[in-house]
Every structure is written in C-alpha cells, then in structure tokens.
Amino acid sequence: MIWLLNLALLILLVITAIAVVVNKDLLAAAITFSVYSFIMAMLYTQLNAPDVGLAEAAIGAGATTVLFIIAISKTARREED
Amino acid sequence: MPELFEDVIVRTIARLLTPFIQLFALYILMHGHATPGGGFQAGVIMAASFILIAIALGLQEAKDRVKQKVRLPMESFGPLTFVVIGIICIACGGYYLQYTTVPLLPSLQAVGAILISAVEVGIGVTVMAMVTTIFFSMAGGKHDTN
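From first to last, the protein sequence lines stand for chains B and U.
FYI, in the working numbering the residues of the first sequence are 89 to 169.
FYI, in the working numbering the residues of the second sequence are 52 to 197.
Read the hints as simulated data drawn from the structure, not as lab findings.
Glycine included, every Cβ here is placed at the ideal spot set by N, Cα and C.
Wrong hints could be hidden among the right ones.
If you only want the chain U side, here are some residues facing chain B, beta carbon under 10 Å, derived [what the hints assert, rightly or not]:
#1 79
#2 95
#3 105
#4 109
#5 190
Build out the structure end to end from the sequences listed, making use of the hints.
Written out as structure tokens, the structure reads:
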C-alpha cells in the first residue's frame with residue numbers, strides 16, 4: 089500500500105514543479121518551490137535516504153525560500169514578458 | 052528586509068520555539084555518526100533558528116545574538132578542525148583522517164566516534180556561521196557591513 093503514498097507524492101511533485109514554472113507571481117512561485125522541496129524531502133525519506141531528506145528539508149524548504157523571498161523583496165514581484 | 056512584523060503571537064511563538072530548534076540542531080550534530088544527520092544539516096538548522104529570529108523579532112536582534120566578531124572566527128573553525136585532526140592522524144602513523152591510528156583510548160571505535168564528532172562539530176559551526184552571514188548580507192541594506 090505504500091506505493092499509493094509514493095504515487096500521490098510523485099503526482100504532487102509534478103504538479104508543483106509545473107506550477108513553479110508557469111506562475112507569473114514570483115512570490116507565489118517561491119512558496120510553491122518550498123512545497124516542492126518538502127515533497128522531495130519526503131520522497132528521499134521514502135527512498136531510504138533520510139540524510140538527504142533532512143538536508144533537503146532544512147535547506148530547500150527553509151534557507152533557500154528565505155533567500156528567494158529576500159531577492160524578490162529587493163526586485164520586482166511580478167514577472168515581465 | 053521588510054519592516055518589522057509587529058504581531059504578538061508571531062513574536063512569542065518565535066521566541067519560544069528558538070531554543071527547541073537549537074536543541075534539535077545540537078541533537079542532530081551529536082548523533083551524526085550513528086543516525087541520519089551530521090554537521091551540515093545541524094549547521095543549517097541552527098542557522099534557520101537565527102533566520103526565524105531575524106524574521107520575527109527583527110534583523111538587529113539576530114545580529115546581536117550572533118555578532119560578526121564571533122562569526123568570522125567561526126567560519127574558519129571548521130577547515131582548521133579538519134586540518135588539525137588530519138595532521139594528528141598523520142603524526143600517529145596513519146593516513147590523512149585515518150582515525151584508528153590515534154592512540155587516545157584503548158577502544159578503536161571510541162576514538163573514531165570522538166574524532167568524527169569533533170570534525171562534525173567543526174563542519175556544523177562553519178556552516179552555521181556561513182549561512183547566517185549569507186542571510187545577513189542579503190537582508191541588510193546596501194551599505195550594511197553585517
């Protein structure tokens with residue numbers, strides 16, 4: 089039954105990845121990218137790599153998102169075409 | 052950095068949560084050789100606690116807790132630990148970072164655990180100082196010298 093959880097996580101991963109690329113609002117994209125990192129951390133833990141999962145949760149969902157948000161607050165929030 | 056977020060709930064929760072995050076980081080640091088985790092993850096989690104302080108209580112509060120005077124030596128501490136322990140291992144007749152040659156204790160496993168933990172502490176301290184420095188220098192103003 090664990091494959092159901094893995095399938096749901098992988099589908100969510102693809103959805104969040106597409107949402108990050110498509111979104112024009114960069115703040116929303118940064119927060120969605122944090123969600124992507126968190127799902128990725130859970131998948132790493134599922135794949136018996138808790139070390140990588142811990143690093144991904146701490147860096148990807150924590151530190152990188154804060155740095156992205158600082159960069160957005162210093163530039164523009166909307167992407168221009 | 053945007054202006055201070057004046058909310059009593061956010062400030063209180065951040066102030067209460069910070070010691071527990073730091074305790075968790077120390078746990079990951081000291082159990083790194085046996086369980087998942089290690090110096091790098093512990094350093095990032097420790098830095099995340101200071102980032103939380105900076106977001107909730109203001110950038111100046113976080114800078115007062117880890118001053119630049121303290122951070123600069125901490126950034127050099129990790130490579131120094133690596134070099135010193137590696138050279139100790141060479142001086143005892145082994146290869147670089149070959150812990151089992153150090154005649155510190157009769158049990159080889161205990162020597163390995165102690166020296167690995169020492170190297171992990173060095174990595175953790177360096178990563179903590181570097182990540183907080185990157186955050187402070189990005190969040191500060193244009194003429195801000197941390």
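Okay, the hints, checked on the actual structure:
| no. | hint | verdict |
| --- | --- | --- |
| 1 | 79 | holds (7 Å) |
| 2 | 95 | holds (4 Å) |
| 3 | 105 | holds (9 Å) |
| 4 | 109 | violated (15 Å) |
| 5 | 190 | holds (5 Å) |
The structure fails to meet hint 4 from the earlier list, while all remaining hints are met.
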